[in-house]
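Peer 1: Could you put together the complete structure from these sequences and hints?
Line order of the protein sequences matches chains A and B. Sequential numbering of the first sequence, starting at 1, is according to full-length UniProt numbering. Sequential numbering of the second sequence, starting at 1, is according to full-length UniProt numbering.
Please keep in mind that the hints were generated in silico from the structure rather than gathered at the bench. Because the structure is a prediction, the values reported are computed rather than measured. Please note that a few of the clues may not be correct.
A few chain A residues that face chain B, going by a derived Cβ cut-off under 10 Å, partial list only [what the hints assert, rightly or not]:
id : residue
1  : 38
2  : 99
3  : 102
4  : 116
Every residue, glycine too, gets a C-beta built ideally from N, C-alpha and C.
There are 2 protein chains.
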Amino acid sequence: MRHFAGGAVDEDVLARLLSAAHQAPSVGLMQPWRIVRVTDLALRHALHDHVEVERGRTADAMGERADEFMRLKVQGILDCAEVLVVALGDDRERHIFGRRTMPHMDLASVSCAIQNLWLAARAEGIGMGWVSMFVPEVVAELIGAPEGAEPVAILCLGPVEEFYPRPMLEQEKWTSVRPLDELLADNSWPR
Amino acid sequence: MRHFAGGAVDEDVLARLLSAAHQAPSVGLMQPWRIVRVTDLALRHALHDHVEVERGRTADAMGERADEFMRLKVQGILDCAEVLVVALGDDRERHIFGRRTMPHMDLASVSCAIQNLWLAARAEGIGMGWVSMFVPEVVAELIGAPEGAEPVAILCLGPVEEFYPRPMLEQEKWTSVRPLDELLADNSWPR
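Peer 2: Below you can see the structure in the form of structure tokens.
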């Protein structure tokens, strides 16, 4: 997650980012994404407080790396310019095109939309982080989502102090980056 | 899915596309993507034959739209220049960063990688289609994936006759495209 620098995202810029997301391909053209822009400060705080609880629980599950984990910047809900909650729509089950054997392809499509938004943000000089430390049902209730809908991302967007030269989790020595050639092979599983 | 025009994808171009995929962000920097490039003709045919069976089963599940569905071009495995199978790695369960409450965030990360590849392909004038009409276990066996790995995409890549001016499923009147403002709202669920 970036260190946000304060300042707003211009409305025209935000509109371009949302348009980039909405132009993503989707399985069976079902457009499963639903986006809630958080402008209400009480809602923003409620999301923050829930994520902070879940951040602590994740740390507990980390065992000996708990303290190290807690020093990482993994959310910026209160300090970023814009918070978007992205969710899977509630009317998904009628779509079987490309989802009969793999119903989770709706998440794949929403992720394509979020990656479009991410790249568009970077092109505009705007930093973004995807927070996934939350219980979907809790966030669903906070945004008033109907039954069957499923939040998958809290996106933190805004001007940043600087972009990391390397992925933050590599820079902070949380993990190392594997090269592509370890993850790619011809006609068989990469070893 | 595009109508492929024949002809190869230059090796340098393919390397750029794969590099774009590999630069995607991932939850906890886990890089869950594994990529199998299909150069073996027997393997390509085996994937094709399985997808054709599943295409028929999807049509059966479509009821009164079965014939209409069967006329759509939903895979190009035999006529595209390059086939890539993309899968989730088998060593995922040790990664809990951002996945404790939402283990499916690994699929989200792989989808970001695929969307990067998709955009890079389009920028190079290469068409791509994401086939998801298969049984993951069957494709896993065909590519020799270990237990715990999970194929999520058969990607068809190659030069195309032309790019559709509108999404193919809209153009063929399979479905209509919803505007962004129906899927977006402030502080509450979009209605």
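Peer 1: Evaluate each hint against the coordinates.
Peer 2: Here is how each hint holds up against the structure:
For the restraint placing residue 38 of chain A at the interface with chain B, the shortest Cβ-Cβ distance is roughly 6 Å, inside the 10 Å limit, so the hint holds. Taking 10 Å as the C-beta cut-off, the interface hint given for residue 99 of chain A holds, the closest approach to chain B being about 7 Å. Checking residue 102 of chain A against chain B: minimum C-beta separation of about 5 Å stays under 10 Å; hint holds. At a threshold of 10 Å, the smallest CB-CB gap from residue 116 of chain A to chain B is about 7 Å, leaving the interface hint in force.
The structure is consistent with each of the numbered hints, conforming to all of them.
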